[in-house]
Structure formats: C-alpha cells, structure tokens
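So the chains spell out like this:
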Amino acid sequence: MTDVVILDYGSGNLRSAQKALETTGVSVTVTSDFETALNADGLVVPGVGAFSACMAGFNSVRGAQIIERRLAGGKAVLGICVGMQILFDSSTEHQDTDVEQTNWNGISQWPGVVEKLQAQVLPHMGWNTVTSPEQSKMFAGIEHERFYFLHTYAATKWILNPEGAFRAPLVTWTNYEQDFVSAVENGPLWATQFHPEKSGPAGLRLLQNWVDTL
Amino acid sequence: MSLALRVIPCLDVDNGRVVKGVNFANLRDAGDPVELARAYGQAGADELVFLDISASSSNRETTLEMVRRAADEIFIPLTVGGGVRTPEDVDRLLRSGADKVGINTAGLANPDLISEASRRFGNQCIVLSVDVRRSAEAASGFEATTHGGRQSSGRDALEWIVEAVERGAGEILLNSMDADGTKAGFDIELITKVRAAVNVPIIASGGAGKVEDFYPAVQAGANALLAASVFHFGQITIAEVKSELASHNVVVR
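Residue numbers (the working numbering), protein chains in the order written: chain A, 2 to 215; chain B, -1 to 251.
Just so you know, these hints were derived from the structure itself, not from any lab. Every residue gets a Cβ at the ideal spot worked out from N, C-alpha and C, and that includes glycine. Each hint can be trusted.
Examples of chain A residues toward chain B, derived with CB under 8 angstroms:
(1) R16
(2) A21
(3) G50
(4) A51
(5) Q121
(6) V122
(7) P124
(8) G127
(9) N129
(10) R147
(11) Y149
(12) H152
(13) Y177
(14) E198
(15) L205
Computed from the model, here is a short list of chain B residues facing chain A with C-beta under 8 angstroms:
(16) F73
(17) D97
(18) G120
(19) C123
(20) G168
(21) E169
(22) P199
Produce the complete structure using the sequences and hints provided.
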C-alpha cells in the first residue's frame, strides 16, 4: 500500500489533510520522525500561519534535509500553503515589524521572494480559479475548477526557467488584483498555494492526481 | 476570472447537536451537524460556520468531537465560534479541525486575546465576530454588544473593529442585531461603514429574508454573506442566492 507522511512540525491542524489524503486510498501517517518522513512514498509539507513561525518549526525537525534527500532520490514532496512558500528563497512577512523573528529565509529550492499581495482586501480568502499549463498532471480533469485560498503572501514572480538538460517547471497562476504563483510542478517537487484538502471534490481530485504519481 | 463571493450557512450547535429546526429534505437526522454539513457542502456552501451556544464546559467537549467528525468528512472550510475565551480554546478548535475560530465577547473583555491568538496561529484563522446595534451614544452610531445584543459593551463598534484588525483579526463576522431576525435585508449602512474602516474580508450577517436581499450587501462591500434560518427552513437555497448574484455579474462558485 502506498504510504504518505504528513510532516508534523507544529503547524496547525493536520487532521483535514490526513482525512482528505485517505480518500485517495493511501495510508497516511502524521509524524515529525526523520526516517519515516524520508522513506515514505510521498511527503506532504503543510503550513499555516506566519512564515517565520513555520520556518522555526520546520528547521527544528530538519525539514530542509528531509526534502533535499528525498528530492535527490526522486521521491515526491507536496508543499501546501506556507509549506509552498518556504520552498522559495525568502519571505518579506514580518521583516519590517518584528525584529525578533528572523526566520525569513526559506530553503531555496526555487529562487524568488514571497511577498505581500497588493490587493484592497487581505487575506486573499475564498475560492479562486487557476490558469495551469496544458501538460499539467496536477490539474488533469480539474483545470476549470475553483480552489480554496487563505493567505496574504505569495510568490508574485517566477524566476527559474532552466534550459538544456533540465525540464522547465510547470507553473500555475492565479489572479487576485495581481498575478501570483498558485501551484508548481517541478519533477518530484509539487506545491500549491491554495488548500486542496479544503477545496471540496476538486481538491480531492488534485490529491488523487498527486498520489497517482507516487 | 477572480475570487468568488462566498455564501455561508450558519449552524447553531449545543451539545454536539444542531439546534433551531432545520427543514431539509432527505435528511435522516436534521440535528446531526455532520449530515447537515455534508448536505450544505453538496448544496454549494462555500464555507460553514458552527456557532457553539453550549452553556457548560462538558457540552463544549462534545462540540470539539462534533468539529472533528465534521472536519473528517467535509472538505470545505469550517469556522467555529462561541465561548472562545483563551488561546487554548482556539488551539483546541484548530486541532479538532476548525480552519478559523470566531472570537466575540471574550475579545471585548480582553483584547489581548486577539493579539495573542493571531500571533500564535496566524491572522488568517482569527475571525472577529461582533454583534452590533445602533446607539445614539456611540460616535459612529453603532455599538458593540454582548449577550446576543442584549447588553452594551460600552464600546463603539467601528472603533472596536478597527482595533481588532490592528491586533490581528483576519476577517470580520459582522452581525447586525438591528437586522437580525427581521428578514428585511442586510444592514447596508453598517456594512458600508465597516468596509470603509478596514481592509480585511467582511462576512455580512443578519437580516436575510429573500434572494433580492443579498446583492445590496455585496454592493456595500461584503465579501461573504451569511444566513441561518432562511437556508435551514428551505425558504431560499444557496443555488438561488448564487444565481441571483450572478445575474448582477457577481462572481460565484
């Protein structure tokens, strides 16, 4: 049976993610155990709340090492919400307001800075559409569905466009008064800014699409 | 395309059961929050709000168990409010599966609760629930109340809402006690004033009686529309509200 680990680093409620993943027929474990997270067929990195608080928890379970070793072995990782944001170089969240919180560096799987959205009403809260590339596996069958977003910060630029031997990542965009990156498929590393586990049947289908790659 | 306006049914729960009669066809148990939540999810609800009206702490434990069961099966966002007094209450609800937690009376008594909860759990999950009524003594013309609108908090509603947002509330559940139960439409004046004062999402609540009532609240600046009895009794369906909004070019799911 395919097994998926949800990385537990103290970030919010993981129960919904667990139950949603279980609908795809996989066995799901919520744990912070290094070896278990390393060896699972799939690893989900969740994350809610402030970037720096998430990063602190993530570092305390050696999250960057887990992800790097998994990717080196071609093993799947799915980041959700702040679990996506920490894959970038850094976030501007709290940098100007709270000098004590210094964990604004991400793990630099992707270049770029996670910034506050420029919109009249924030957080960006609710169901929004996506514009995904045609080759997307993540959105197969759900290209025109809406997904549930709950965030204030996002990557508004996509910088990594490798040539030659590398296959370019598939980048999905969403508009909320400005365009931002709402999902990425980059080899075994996938991520969504929205919450598939809260996006009804479309979200469950997305999780199924991911599980089908494991 | 853009963000869809949210339509949200609100369920009052006591001791793990939905109270206030619910008249839904094909429900085996209209008092079962999970079954109701599922029915509303299928009917197109964009989120669900559970308001815990339990008086005793043992009943609150039952509520947590109910939230767990609902979150295990219903994969849309759940907000739970009622009786939230401490950061630990917020933590318990979030761990049970709530995505957002509503803070009302205890926030008025202890505004630091909002600051601390927001710092610990993020502003995206802290909803300021405020029961507002008109008052000649309040500078804005509106005051915040407690005990379901029966008692004055002594605070100007607009001033309190602005303070709560500064402290980290990520959304306002704006209940008009003047409009509540009248079925005469949402409180447009109140929504307009709050929209001008804060830039977090506003859930308008109180006064919905017919489908035509919903669009004016959107025009006034609401980002989400909440109703209880008109949905529960089947007087209006969520689909009817959405089709009415769509006819005014409001984006809905």
